[in-house]
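Protein chains: 2
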Amino acid sequence: MNRTHTNGELRLSDVNKKVTLLGWVAKRRNFGSLVFIDLRDRSGITQLVFDETSSEAIKEVRNEYILEVEGTVHERKDKNPNLETGEIEVVVDKVEIINSAKTTPLIIADETDALEDTRLKYRYLDLRRPIMQKKLLMRHAITKSLRGYLDDHGFVEIETPVLGKSTPEGARDYLVPSRVHPGCFYALPQSPQLFKQLLMISGFERYYQFARCFRDEDLRADRQTDFTQLDMEMSFLSDVEIQTMMEEMLAKLMKDVKGLDIPTPFLRLSYEEAMNRYGSDKPDNRFGMELQEITDIFTDCGFQVFKDCIAKGGSIKAVVVPDKADMTRKEIDKITELAKKNGAKGLVTLKYMHEEISGSIVKFLTEKELNALKETLALKENDLILIVSDAWETTCNVLGALRNHFGTVLGLKKKDEFSFLWVTDFPMFEYSEEDGRYYAKHHPFTRPKQEDMKYIDEDPSKVHAIAYDVVLNGYELGGGSLRIYDSKMQEKMFEVMGFTEEQIHERFGFFVDAFQYGTPPHGGLAFGLDRIAMILSESDSIRDVIAFPKNANAKCPMSDAPTPVDPQQLEELHIKIDNE
Amino acid sequence: MNRTHTNGELRLSDVNKKVTLLGWVAKRRNFGSLVFIDLRDRSGITQLVFDETSSEAIKEVRNEYILEVEGTVHERKDKNPNLETGEIEVVVDKVEIINSAKTTPLIIADETDALEDTRLKYRYLDLRRPIMQKKLLMRHAITKSLRGYLDDHGFVEIETPVLGKSTPEGARDYLVPSRVHPGCFYALPQSPQLFKQLLMISGFERYYQFARCFRDEDLRADRQTDFTQLDMEMSFLSDVEIQTMMEEMLAKLMKDVKGLDIPTPFLRLSYEEAMNRYGSDKPDNRFGMELQEITDIFTDCGFQVFKDCIAKGGSIKAVVVPDKADMTRKEIDKITELAKKNGAKGLVTLKYMHEEISGSIVKFLTEKELNALKETLALKENDLILIVSDAWETTCNVLGALRNHFGTVLGLKKKDEFSFLWVTDFPMFEYSEEDGRYYAKHHPFTRPKQEDMKYIDEDPSKVHAIAYDVVLNGYELGGGSLRIYDSKMQEKMFEVMGFTEEQIHERFGFFVDAFQYGTPPHGGLAFGLDRIAMILSESDSIRDVIAFPKNANAKCPMSDAPTPVDPQQLEELHIKIDNE
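Order-wise, the sequence lines are chains A and B. Counted the way our numbering counts, the first sequence spans residues 1 to 580. Counted the way our numbering counts, the second sequence spans residues 1 to 580.
Only chain A is shown next, with the shape it has when bound in the complex:
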């Protein structure tokens, strides 16, 4: 085939050139004996003009036929400013039909009303829609930009095993029965965590990998059976050095892919500040409506709920929603429902109209309290005030969820605005009431802050980890930590988490051994590639940036996977289906 140009390429300066084009028929319309065809390929669309009487073949051409045409570039009379090639058209001398096409079950255009299951069943056609191609092209541009940075900064890409060992910690594993070892199973990796740390012990110093990771969890809009993470680990660097490098990498990414200059260093919020101000450990700071602390106003309050909350050491906070004092009872009920879904026992709503605060609890409040509220919250006419009084974390979480809700409702989350920030200083441990013990919040190899080690025996909950998350527009893009490299500190951590020698050996076995042969100080992080691609391509779901995703039921509507298999296959793998 002698294609001379792609369909996105021709301009006024090409007029009078003889060209050969290839592509799919995107649209065909007749005008007397003239036939106009929009010919499409990956790069765009070119308008073709035929004289129908000149060719028998052209009569049968319909949408999605593949043509090879020879012709001459002409200036268009009716130019199309929305098309890059809109100033020209190609007057065709010769046409060859390369392939025909049945009528497609979904229309090949950016706009579609096809159901998602239809789109997934005919994914090869869904991906023919230019908007979908652009998303996958952008995903490639993203990985290319990230690789470029890492390759230029001494990182080595190393592949780690996909058939690994099942571990009891973490999410549910996907298992792969072994044919050679009856009754034994491989597990697909939830992340290359252990391997990347081993590579630091090996002395590779800087590692990266675009790693496929697997978690057998129920799916949501931003979850798939497997996902791709940009996984990194570095030796001999501090947390701030790692963060600075990542900021450079992300700034380059935004420049390469979106043409935007984003400011560095990013805003850094401690976990505590993020929770206090945004009610979230992944705050979206493209908009305000921050949480405000009002516990002190009610230290001696007549409203029993507030009084009890303070007595229990809880926290009272408010979010002020501008111009929403006119919400109906029904609307308020919905908000209250949302608060409860996020763990609140109740939600106090007040309105500020005609310079007065109104609402059912006002009768329990003093003039002084109302004035303090007015002043602290800097109330403006028609403000809606949402108040939650509960344990600190619950108060933060609930108001964070409501803030998020109103951010969406009020259209404050601009898709073409990109706000990066770090959340740092996460607590090292989480206490499980159920199990009566501490768990590592990040993972058991995370390095604690040295200055907090004085609390380790008396109150482990006061110990913070050198862990950090990157947040973009309210999504956790990724996170990581410095790791422990001192065997004694590691032992102490295991002790706090109540592990016995035997449990340590069973759970962490060879990995703990490895640490004794000269482990460098190291740390790293991982970014969710699907999520980055989703946000930068301004998509609503990660399914839009994955070529062949599973549906919410973990099924591929195109290939039908997973399916029943031949009984002989199971026999070879020494397993049976358990029908009970």
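Quick caveat, the hints were computed from the structure, so don't treat them as lab data. Take these hints with a grain of salt, some might be off.
Pairs count within a copy or across copies, as identical chains cannot be separated in the list.
Computed list of lysine-lysine pairs in DSS-like fashion (alpha-carbon distance at most 27 Å, straight line) [as the list claims (entries may be wrong)]: (1) LYS102 <-> LYS488; (2) LYS312 <-> LYS345; (3) LYS258 <-> LYS94; (4) LYS307 <-> LYS449; (5) LYS144 <-> LYS258; (6) LYS134 <-> LYS144; (7) LYS345 <-> LYS576; (8) LYS307 <-> LYS492; (9) LYS488 <-> LYS134; (10) LYS351 <-> LYS330; (11) LYS374 <-> LYS307; (12) LYS144 <-> LYS255; (13) LYS27 <-> LYS134; (14) LYS312 <-> LYS374; (15) LYS488 <-> LYS144.
Since the structure is predicted, the reported quantities are computational estimates derived from the model, not experimental observations.
We have chain A already, so just place chain B on it with the hints.
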């Protein structure tokens, strides 16, 4: 940490600089009160000099301890020309022990006598050996070079599913039981073949992916449970256009990674020629000793074996091994054994000494035959002549194996010589005597040569495929084909292979449907990355270029995977272990 330089970096021009270095103690030796330490990191080794009396800490330092040192660069008296930093040493003022190390179970040096299972059990230490690091760094350099070419030539990297559908054709699948769909299984991909063809139907035009592929087959030196292939597919290109692009890509690779200019275009051999001349469809042409056709000499032969062979339409060929006429009976027996292992019923060996051919069958041959042999084979003093008479394919295969054997024995396979070639024109079909039907030799979607379609009904074995393999030094690096894009031709192929409508639907289902919506002419190929890395890094096994490989028993001696799992995990997956 304030590292100013790496350990491979300092030169004479740095003398008198104050430097801070980090790394592992590779060697320590005392000389009076002076201590010499070789400090190692990824980039190399620097010699440190300490005054032992100056520091208490230095006394306890042993191999594989991690140090941070400050000191001054001095010119060395006894320069080491084998070391890039061999002209300098660093006289240390200040040392900090970053971490200690137990005695390692294997020595951290290029040369090792450790058993492979020890190396794999302590892989993190095996990978600390500089020679192993170099191999993985080269692997990264290889992928970087290949990506660079593809990114510059309009290829899009697209990830395809790891959790796919099990198909009855091909090798044995690894299966993954589904929790959500009881009794159903995903399969790990043997290759992204269907998906990459679907991406062409989607109109991506040029696709690539470094894809992890899985085949549950028994392992060999160049096989693993999973392997990485550079997978590519292109639309609207001819086989020669695809091959030319690949030659450019590989020439760039050899330049980037080995600094070598390799000639393009590569030699092209048809399958038939490759078999006739080298007895292999992946010939190593770094050396001669080609197979020679001698059937015609024996058309009227008194030696019954030759006579029968010719009567059955077989082929008699010879390989001449120079300077090996002095092989002992025992050595010849070994060669005969090897011939039989490769399918020969027997092996005729002749010797050419004192201008005479000798050997047990000489008494059955005429003077004319002996003279013809001498002339055709251009015999030289002390030549050993190996003759096989059998069906054409067997004759070729056996002599190809013997040629290979002597190529190794005679040291003709130079590891630093790289010879690329194409093998083309493979037969489209293989006939299975057992099943009484034709199978596709490559896969059922391979495009046949148009000019052979006249034989399709009368003798399908005469039909060649537009399929091509790239061979490097006797290894198949990769291969591919143009694919069928015409539904009618596809139907014809299925007919030849004896598939019913139902079988077609069951086996190829949605994929055959997809072809009806405007499929472009397309083709592609895949390269085995592990094998490329093995050859270019001059390694003996692909395990040397995989960070964490499995052993020959499909086990990871480090993590112990695969292992038994918790019964509850199996219950959730609706499977039981079958102990029968």
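Verification of the supplied hints:
no., hint, result
1, LYS102 <-> LYS488, "between (69 Å within a copy, 14 Å between copies)"
2, LYS312 <-> LYS345, "within (15 Å within a copy, 92 Å between copies)"
3, LYS258 <-> LYS94, "neither (40 Å within a copy, 48 Å between copies)"
4, LYS307 <-> LYS449, "neither (36 Å within a copy, 87 Å between copies)"
5, LYS144 <-> LYS258, "both (13 Å within a copy, 24 Å between copies)"
6, LYS134 <-> LYS144, "both (15 Å within a copy, 24 Å between copies)"
7, LYS345 <-> LYS576, "neither (47 Å within a copy, 44 Å between copies)"
8, LYS307 <-> LYS492, "neither (40 Å within a copy, 83 Å between copies)"
9, LYS488 <-> LYS134, "neither (52 Å within a copy, 33 Å between copies)"
10, LYS351 <-> LYS330, "within (15 Å within a copy, 103 Å between copies)"
11, LYS374 <-> LYS307, "within (20 Å within a copy, 112 Å between copies)"
12, LYS144 <-> LYS255, "both (13 Å within a copy, 22 Å between copies)"
13, LYS27 <-> LYS134, "within (20 Å within a copy, 55 Å between copies)"
14, LYS312 <-> LYS374, "within (25 Å within a copy, 106 Å between copies)"
15, LYS488 <-> LYS144, "neither (41 Å within a copy, 40 Å between copies)"
Checked against the numbered hints above, the structure violates hints 3, 4, 7, 8, 9 and 15; every other hint is satisfied.
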